[in-house]
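Enquirer: With chain A fixed as given, assemble chain B onto it according to the hints.
This is what each chain is made of:
2 protein chains.
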Amino acid sequence: MLKPSVFKECLTNPSFSIYGGVSGLYDYGPPGTALTNNIVDIWRKHFVLKENMLEVDGTMLTPYEVLKTSGHVDRFSDWCTKDPKSGEIFRADHLVEEVLEARLKGDKEARGVKVQEEESEGQSKKKKKVKNVAAVKLDDAVVQEYEEILAKIDNYGGEELGLLMKKYDIRNPSTGGELLPPVAFNLMFSTSIGPSSNLPGFLRPETAQAHFVNFAKLLEFNQQSMPFASATVGKSFRNEISPRAGLLRVREFLMGEIEHFVDPEGGKKHPRFDEVRDVELELLNREVQLAGKTHVETTPIGKAVDSGLVDNETLGYFLARIQLFLLRIGVDKSKIRFRQHMANEMAHYAADCWDAELLTSYGWIECVGCADRSAYDLTVHMKKTGAPLLVREPRKEPLKIEEWQVDIDKKKFGPKFKKDGKTVEAAIEALTQDMREKLSLDLQNEGKIVIDVPGVGDGKVEVPKELIAIEKRTRIENTREYTPNVIEPSFGIGRIMYALCEHNYWTREGDEARGVLSFPPPVAPTKVLIVPLSSHSDFKPFVRILSDKLQEIGVSSRVDDSGASIGKRYSRNDELGTPLGITIDFQSVQDNTFTLRDRDTTKQVRAGLDEICKAISSLVNGTESWQDVQARLPAFEGQEVDKE
Amino acid sequence: MLKPSVFKECLTNPSFSIYGGVSGLYDYGPPGTALTNNIVDIWRKHFVLKENMLEVDGTMLTPYEVLKTSGHVDRFSDWCTKDPKSGEIFRADHLVEEVLEARLKGDKEARGVKVQEEESEGQSKKKKKVKNVAAVKLDDAVVQEYEEILAKIDNYGGEELGLLMKKYDIRNPSTGGELLPPVAFNLMFSTSIGPSSNLPGFLRPETAQAHFVNFAKLLEFNQQSMPFASATVGKSFRNEISPRAGLLRVREFLMGEIEHFVDPEGGKKHPRFDEVRDVELELLNREVQLAGKTHVETTPIGKAVDSGLVDNETLGYFLARIQLFLLRIGVDKSKIRFRQHMANEMAHYAADCWDAELLTSYGWIECVGCADRSAYDLTVHMKKTGAPLLVREPRKEPLKIEEWQVDIDKKKFGPKFKKDGKTVEAAIEALTQDMREKLSLDLQNEGKIVIDVPGVGDGKVEVPKELIAIEKRTRIENTREYTPNVIEPSFGIGRIMYALCEHNYWTREGDEARGVLSFPPPVAPTKVLIVPLSSHSDFKPFVRILSDKLQEIGVSSRVDDSGASIGKRYSRNDELGTPLGITIDFQSVQDNTFTLRDRDTTKQVRAGLDEICKAISSLVNGTESWQDVQARLPAFEGQEVDKE
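Taken in order, these protein sequences are the chains called A and B. Numbering of the first sequence is given in my numbering, commencing with residue 26 and proceeding in unit increments. Numbering of the second sequence is given in my numbering, commencing with residue 26 and proceeding in unit increments.
Heads up, a few of these hints could be off.
As the list makes no split between identical chains, a pair holds if one copy fits it or if it spans any two.
[What the hints assert, rightly or not] Result set (DSSO-like, lysine-lysine): computed pairs, CA atoms no more than 30 Å apart in a straight line: (1) K93 - K408; (2) K639 - K574; (3) K565 - K75; (4) K70 - K473; (5) K421 - K444; (6) K435 - K485; (7) K593 - K75; (8) K441 - K485.
Treat the hints as calculated values from the structure; they're not laboratory data.
Chain A with its partners taken away, still in its complex shape:
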């Protein structure tokens, strides 16, 4: 657990707190902002640069029609339930979850079972609304029912939640008041664009739509070459019903999103899959969850794809790459798992979805989603707008298609059917191959065909052979057209940052008050703390020289020339995760050497300015470790105490 003082005051804090705050909105302070920027920077190197992804930046303001087509207007909602007396509104699934968890806890107390540390860690922070539940023993069968419901809580729709609420008598926890049946609440923030208020719009709920509506331009920019990926880093918005769990459920959040466009034929292979085949992931599959369980299996991604557990290579490639990214920024490997979505849990556009979940003091938290959106989005936008959101490629071998073709004698067709001509023609064009084959026989045998044309005459139309021919012919197709499928890894940067802080926080042995945030140097908000031994004026020019020099090599530093002891000043910055410290002491003034201190080991080396800067540069770029530097440069055994 993080000490609240560090995390709350410096990394982030509730927005507009002097105005009483707004739930679900958080501001990032200087260390939080720097940490975020560094995570994004590494994200860009790991994904965008590595695979020459096309990074794009769409607007957050999105017109109604786009999100109507994408399905968000109708389906991007949570179920909420209202207490008609108090006016309070609850998110229905969260309420059911909290009430059942509380009752299970009460049951354990009644049975005299000590609640396991691990469990309470995962649940302790959630229980905002449900407090002080009486220790009431439940039937064994009821306990099992509750546990099974909780394991698939994300799988219930509104009606099912309503039935659960009735069956288990779930009420407003603070007043005991009855609740109305759940209704859908759309999670998008709405606004209107322009002065006349006639163009309704929303703040985007995801960055993805900009990729889809611009697909034709992106494909052109990529010189018609497939597969390729686009990427976006940007804010999205969800008007959460009742934000809880601090940073983990917020109304405005930074995402990194990748849309990888792939040919749906040929099994969605990925050219670099061999590079990750042996990466082992902890997988929690759909069937296990539906059986009311949560155990995971360690599986190499190659094996998971081969067995069909993970649907295809591209999806598998990204699951592995997501894990490699999380490890690169310093996430604890033992606190990562990949959980497959259950059918009803998936977003409306998804064909399959796995979440990378990270274990925090709030339990397992979804930090990265990796969905196979199939051809859903491109298809609906193309259908709505007529824009060619597809790939056309020359076939290596021209495709020969044997088919029944219909020829109409248009000169005779018009005079015969008059105003119904177009309708009859359209009905003929729409005939299936099977029907055409059958009708060609009719034409041969009876000299006419009879077809269904609703709305013309009595719905049956006779066409004589003078007006029509039906023949089997061979058509050559040189171009193939297809709508690409999309694999979408989607990163919640704020959640990742939060988990990263928890995973990297520890306290010095024997001193609970001395916390350390052991971020890897490339991720750390500030890289170097500059500490003059005292406020002695001899040290001042060295402070300036050091900060200017570090700034030149692009390394962020902070000076602490306060009156506090050296030890205290280092402690303060250990808590902010600053990996390196330079002390300026009286020897510095004499021989221009400085000590360089490592945050995690508190070991120090001593060297001249250039050597120190070289070491800092390679530590910050990740090309050297502290052990390498310690092996190269002479150790300094001075104490972390004041001396003058």
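Expert: What follows is chain B alone, placed relative to chain A:
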């Protein structure tokens, strides 16, 4: 001028164009996004890293009350005028400007004056609404009136604009219909936060408010040390009445904003002012504009501050640093000027303001604002919330204050005045020093005082000397409290990017079709183009080696292995501003050497992989120029043509 094909299709394009687009919203394509990211990266190094600014990230969603206090709800608006018949809405100042400019142009035509190239360049793109104005000669006096109005067009309020519209008979340009008097239209997008719709909010119109409401936390993080600056890079929103001029007036835009907090006493000195004292700026001051003129004076910033033209060192320091930044990213020095705001033009919070304007084909465009917001924001938020948004510092010398103090005998005061006691007491506390001095004499001479207390009795209240004493005493103040002033440089990143593109675009001599965007390498969207001579399979492994190697050293590259000629492939990427190209030819296959080509000169050198990568790295980091590289490595004289 940029070729539309390059700029429109790749850098940016209207958002949601397959849905018909939304005016004022633009998406950034891959080169536009990379260019923006690089500008932001350099901005961070130039400002944030250089001065250890505290970078913060606030939310865009902002509750009503915060923006009510800041003055934006009441005053962040433009004047719009409506045609009641057609329903069209115009921005009043733009309409007046466009109509008068069109009439002046018509006048020139009537006089047979050829319209100057420079003028038409500056005005050509604005005239969307006013077209085909007849060549009508105007009176000389009218011409002068029009020109004076245009020079101070930004200085008019709604009433004045209404009078101008009446006086000069300005109507709906497309229908000739009469227009209603201008009314204020608030430019913020509104929404509501939470499920019960009872918390109204806006999308932020600037990033600044998050700095102000968090001031106490920032000061604490900075260990109470002044001066300091905070900074934010993020999107803001303005619901423009009728967006025009493409990228230059948009509804959603990326800003870089700095809030430099400074002690208002002591002339707002800046510790690094000496570093920029000699930087020469082109200054267009307020008086020149109010006289209806636009000429600028080249002035070293030191001199401008000394003479009082620029109010103080901190403001001057940032004006110089803004220019240095613009030059660093490649803006044309001859197309920068700094224009001082006129009194009515300034935002409601500003005490003084200078804009860095860049010359584009749309004329001079405000790209950076540099405002002295004085203590406005911190004062209003502190007054509203009671939060201590101020600096407390120990005085070096305790301050001795001689003052008239009032003592009230509370035991007798209550019984005498009963329910009016508090009111009378407050009136006494509020007495000025001068009044207290006068009343102390009354007390001595008459044994009582008479003071005004509105609402108590007849408004006059008599207080006998038994209840009150007034004495001159000395008070010692050890702590000084003050509200810092704020200097705010505010960068419109999209506008800067647009101007940068125009300034860097040129065409090869003798070939209008071969455009080049000469971005400095650190700014360029993609750094290296990799060009295999042909699709020969021998080249393929080298393509992979080169892109992997470049990726390792953090350099973005793009492969063009299309069938087009080498020359054509280079041309295509010259237009996207890619500064370097590597050709893989048959010699590469034999001896592992490659040619490296410079975009601007089209000169080439030839060397082995490591040498090539080293040169690329130093060019991209800006530590070497092409001339340096050319001097080091052997020239390659091959032609930019295909050979096999």
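Enquirer: Would you mind marking each hint as holding or not holding in the structure?
Expert: The hints, checked one at a time:
Only within a single protomer do K93 and K408 lie at most 30 Å apart by alpha-carbon distance; the minimum there is 13 Å, versus 44 Å between protomers. In this assembly of identical chains, the alpha carbons of K639 and K574 lie at most 30 Å apart whether taken from the same copy (11 Å) or from different copies (22 Å). Taking identical chains as interchangeable, the C-alpha atoms of K565 and K75 lie at most 30 Å apart only when they sit on different chains, with a minimum of 18 Å there against 43 Å within one chain. Within a single copy, K70 and K473 get their C-alpha atoms no closer than 68 Å, and across copies no closer than 81 Å, so neither meets the 30 Å cut-off.
Within a single copy, K421 and K444 get their C-alpha atoms no closer than 45 Å, and across copies no closer than 99 Å, so neither meets the 30 Å cut-off. Proximity of K435 to K485 under the C-alpha cut-off of 30 Å is restricted to the intra-copy arrangement: shortest distance 20 Å within a copy versus 105 Å between copies. Taking the shortest Cα distances, K593 and K75 sit within 30 Å of each other only across copies (26 Å), while inside one copy they are farther apart (42 Å). With identical chains, the CA atoms of K441 and K485 are at most 30 Å apart within one copy only, with a shortest distance of 15 Å there and 106 Å across copies.
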